[in-house]
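Q: Start from chain Y and add chain S according to the hints.
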Amino acid sequence: MDVLYFAWVRERIGLPREQVETSAATVADLVEELRAREERYAAAFADLSALRVALDQELSDFDAPLAGVREVAFFPPMTGG
Amino acid sequence: MRISVQKAPFELGAESDAFAAGVEGAGAVVTFTGVVRDADQGGLAAMEIEHYPGMTEKALAAIAEEAVKRWSLADALVIHRHGRLAPGERIMMVATAARHRKDAFEAAEYLMDYLKSRAPFWKKEILASGGSDWVAAKDADEDALKRW
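Protein chains in written order, with our numbering: chain Y, 1 to 81; chain S, 1 to 148.
Next up, chain Y with everything else stripped away, as it sits in the complex (with noise of 0.2 Å):
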């Protein structure tokens, strides 16, 4: 699946996006592979209360399963206006 990233997560992680092959169940399960990678991922991802997620372009949770979606964009809280 696509992964995204934004703003800062964009930023620590390196790249806006990439390609991910995974079995992941949910987006937790996901954000634990990504974290087991390396150290600029572990850095991006350690305290979760600080992004959010989106699937396919909505808004969803961490705990939100992954089956037939194909991308999932993780941020910082948005700021716009």
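In case anyone wonders, no lab produced these hints; they're calculated from the structure.
Any given hint could turn out to be false.
Stated by the list, open to error - Below, computed lysine to any residue pairings styled on SDA-like, alpha-carbon distance capped at 25 Å:
#  : chain 1 : residue 1 : chain 2 : residue 2
1  : S       : LYS58     : Y       : ALA46
2  : S       : LYS124    : Y       : VAL53
3  : S       : LYS146    : Y       : PHE62
4  : S       : LYS124    : Y       : THR26
5  : S       : LYS58     : Y       : LEU59
6  : S       : LYS7      : Y       : ALA46
7  : S       : LYS146    : Y       : ASP61
8  : S       : LYS138    : Y       : ALA36
9  : S       : LYS58     : Y       : THR26
10 : S       : LYS7      : Y       : ARG40
11 : S       : LYS69     : S       : GLU15
12 : S       : LYS58     : Y       : SER60
13 : S       : LYS7      : Y       : PHE62
14 : S       : LYS7      : Y       : ALA54
15 : S       : LYS124    : Y       : PRO76
16 : S       : LYS58     : Y       : TYR41
17 : S       : LYS138    : Y       : ALA46
18 : S       : LYS138    : Y       : VAL20
19 : S       : LYS138    : Y       : PHE62
20 : S       : LYS69     : Y       : GLN57
21 : S       : LYS124    : Y       : TYR41
22 : S       : LYS138    : S       : TRP148
23 : S       : LYS146    : Y       : LEU48
24 : S       : LYS58     : Y       : GLU58
25 : S       : LYS138    : Y       : THR26
Being a predicted model, the structure only gives us computed values, none of them experimental.
A: Then chain S, alone, in the frame of chain Y:
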């Protein structure tokens, strides 16, 4: 209803006039404009606004549709810019039109409250000193949603 996520500046007068002309007989038109603020007076070199193409347009359309339904608006407009903006530049505007002013004002506030915390935009302050800081979301912005 029109949603525009754009890099280019917009003309406030032209946008307001065009919006008002399209809702003849509405009775009340409210517009709000957000401007890049230099709180430290000279400390801010620019504001960089990042967004999530695709999700941004969908999120703004959903927020505006909800406002149109709740307040029976004649129309609603949201323009939000992204990219690098200088202090004093307009970031965004909303406009609402309704039969009565209360509905138009409330709907405009609703649009602002939701797009601050539910539309995928992120602001980064580029400081004159050379550093930069992501603007943190405020608890007050999240709390503002509870009144709706």
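Q: Next step is simple, just say for each hint if it's right about the structure.
A: Here's how the hints hold up against the structure:
Distance check on the hinted pair: LYS58 (chain S) and ALA46 (chain Y) sit about 29 Å apart at the alpha-carbon level, beyond 25 Å; violated. Using a Cα cut-off of 25 Å, the hinted pair LYS124 (chain S) and VAL53 (chain Y) holds, with the two alpha carbons roughly 20 Å apart. Taking the CA atoms of LYS146 (chain S) and PHE62 (chain Y), the gap is about 22 Å. The hint holds against a cut of 25 Å. With a CA separation close to 30 Å, the supplied pair LYS124 (chain S) and THR26 (chain Y) exceeds the 25 Å bound.
With a CA separation close to 11 Å, the supplied pair LYS58 (chain S) and LEU59 (chain Y) stays within the 25 Å bound. Proposed proximity of LYS7 (chain S) and ALA46 (chain Y) is contradicted: the alpha carbons are some 33 Å apart, above 25 Å. As the CA atoms of LYS146 (chain S) and ASP61 (chain Y) are separated by approximately 19 Å, the hinted pair is consistent with the 25 Å bound. Note on LYS138 (chain S) and ALA36 (chain Y): the hinted pairing is violated, with a Cα-Cα distance of about 30 Å set against a maximum of 25 Å.
A distance of roughly 24 Å separates the Cα atoms of LYS58 (chain S) and THR26 (chain Y); the hinted pair therefore holds under the 25 Å criterion. Our distance criterion of 25 Å between C-alpha atoms is broken by LYS7 (chain S) and ARG40 (chain Y), whose separation comes to about 31 Å. With a C-alpha separation of about 23 Å, the suggested pair LYS69 (chain S) and GLU15 (chain S) falls inside the 25 Å cut-off, and the hint holds. In summary, the hint linking LYS58 (chain S) to SER60 (chain Y) is supported, as the alpha carbons are separated by about 15 Å, within the 25 Å threshold.
For the suggested pair LYS7 (chain S) and PHE62 (chain Y), the alpha carbons sit about 32 Å apart, so the restraint of at most 25 Å is broken. Of the supplied pair hints, the one linking LYS7 (chain S) and ALA54 (chain Y) holds, its CA atoms being roughly 23 Å apart against a limit of 25 Å. Under the criterion of a C-alpha separation no larger than 25 Å, the hint pairing LYS124 (chain S) with PRO76 (chain Y) is consistent with the structure, at around 12 Å. Taking the CA atoms of LYS58 (chain S) and TYR41 (chain Y), the gap is near 28 Å; set against the 25 Å cutoff, the hint is violated.
Simply put, LYS138 (chain S) and ALA46 (chain Y) have alpha-carbon atoms about 20 Å apart, close enough for the 25 Å limit, and the pair holds. Taking the CA atoms of LYS138 (chain S) and VAL20 (chain Y), the gap is near 32 Å; set against the 25 Å cutoff, the hint is violated. A hinted pair counts as satisfied when its Cα atoms are at most 25 Å apart, and LYS138 (chain S) with PHE62 (chain Y) qualifies at roughly 21 Å. Among the hinted pairs, LYS69 (chain S) with GLN57 (chain Y) is consistent with the structure: their alpha-carbon atoms are about 23 Å apart, no more than 25 Å.
Between LYS124 (chain S) and TYR41 (chain Y), the direct Cα distance comes to roughly 21 Å. Compliance with the 25 Å bound is thereby established for this hinted pair. Annotation: proposed proximity of LYS138 (chain S) to TRP148 (chain S) holds, straight-line Cα distance about 18 Å (limit 25 Å). Straight-line distance between C-alpha atoms of LYS146 (chain S) and LEU48 (chain Y) comes to about 22 Å, which keeps the hinted pair within the 25 Å bound. Between LYS58 (chain S) and GLU58 (chain Y) the CA atoms are separated by roughly 9 Å; this keeps the pair inside 25 Å, and the hint holds.
For the proposed pair LYS138 (chain S) and THR26 (chain Y), the alpha carbon gap of about 28 Å is over 25 Å, so the pair is violated.
The structure is inconsistent with the numbered hints 1, 4, 6, 8, 10, 13, 16, 18, 25, although it conforms to all the rest.
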